[in-house]
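> Given next are the chains, with one letter for each unit.
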Amino acid sequence: MRSSDVIIQTTTKVVFYIIFLFAIHIFFAGHYTPGGGFVGGLLTASAIVLLLLAFDIRTVKKALPINYTVLIATGLVLALGTASASILFNVPFFTHAYDYFTLPLFGETSLHSAMLFDLGVYLVVVGATMNIILSIGSDD
Amino acid sequence: MMILFWASLVLIVVSMAIILYRLIKGPTAPDRVIALDAMGVTLISVVGLLSILVGTRFFLEVILLLAILSFLGTVAFSKFIEKGEVFDRGDSD
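Line by line, the protein sequences give chains A and B. The first sequence begins at 973 in our numbering and counts up by one. The second sequence begins at 924 in our numbering and counts up by one.
Some hints here could point you the wrong way.
As the list claims (entries may be wrong) - Result set (DSSO-like, lysine-lysine): computed pairs, CA atoms no more than 27 Å apart in a straight line: (1) K948/B - K1002/B; (2) K948/B - K985/A; (3) K948/B - K1006/B; (4) K1033/A - K985/A; (5) K1034/A - K1006/B; (6) K1034/A - K985/A; (7) K1002/B - K1033/A; (8) K985/A - K1006/B; (9) K1034/A - K948/B; (10) K1033/A - K1006/B.
Keep in mind that the hints were calculated from the coordinates and are not lab data.
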């Protein structure tokens, strides 16, 4: 690569992690405060788009060897599996379970099975957005 | 103290109107890109002032999100103007 984008490439190496950490924060904040899987997925996709802008598609594919179509399928399986697992316990579809656990370092936290559904939404959003952007962007 | 926040809100909205004029009228594409970036900054200020006026912390994530999207948009437009394409495919060399 003989490009001269020193400033954008140096900035990207820092800003990518800031955007990605903010995406994870938004994803976990989504239960009681604004946020959730959809916004977190969009922010993660925008972090990857920043990498694509600063470097090129081949470099990013080498750095992040992710098949985004498989990512969509994984997310759909996770979301629908979480939703339909409630049928096995003889409760209505989409019923979610939660309980309070005492974790080390966090103290008493409430863990919800709706988080797994949100993880599925996150993966679907990242996969769909990156598929759209890559199929538009790599066109000549 | 509240009157100060309202006055700055009005001033920022006035500057947004002027930026909107540049965004629509702007003779060249770089003018419009810079106007879009400035519009993002003023939007962030408006949201910050509103979160002070309403007295809530929930708008602060909106500020960070707007900052990220505005930055990405400016970078993408600059690269498009400079190089003529948004994404390099990386098989040129």
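> Please go over all the hints and tell whether each is borne out by the structure.
Hint check results:
1. Taken as a hint, the K948/B and K1002/B pair is honoured in the structure, with Cα atoms around 22 Å apart against an allowance of 27 Å.
2. Between the alpha carbons of K948/B and K985/A the distance comes to roughly 36 Å, so the proposed pair goes past 27 Å and is violated.
3. Between K948/B and K1006/B, the direct Cα distance comes to roughly 24 Å. Compliance with the 27 Å bound is thereby established for this hinted pair.
4. For the hint pairing K1033/A with K985/A, the CA-to-CA distance comes to about 16 Å; that is within 27 Å, so the pair holds.
5. A distance of roughly 23 Å separates the Cα atoms of K1034/A and K1006/B; the hinted pair therefore holds under the 27 Å criterion.
6. Only pairs whose Cα atoms come within 27 Å are accepted, and K1034/A paired with K985/A is accepted, the gap being roughly 16 Å.
7. Annotation: proposed proximity of K1002/B to K1033/A holds, straight-line Cα distance about 20 Å (limit 27 Å).
8. Restraint check: the Cα-Cα separation between K985/A and K1006/B comes to about 21 Å, which is no more than 27 Å; the hinted pair holds.
9. Distance restraint check for K1034/A and K948/B: the Cα-Cα separation of roughly 43 Å exceeds the 27 Å cut-off, and the hinted pair is therefore not satisfied.
10. This hinted pair checks out: K1033/A and K1006/B have alpha carbons roughly 21 Å apart, not beyond 27 Å.
The structure is inconsistent with the numbered hints 2, 9, although it conforms to all the rest.
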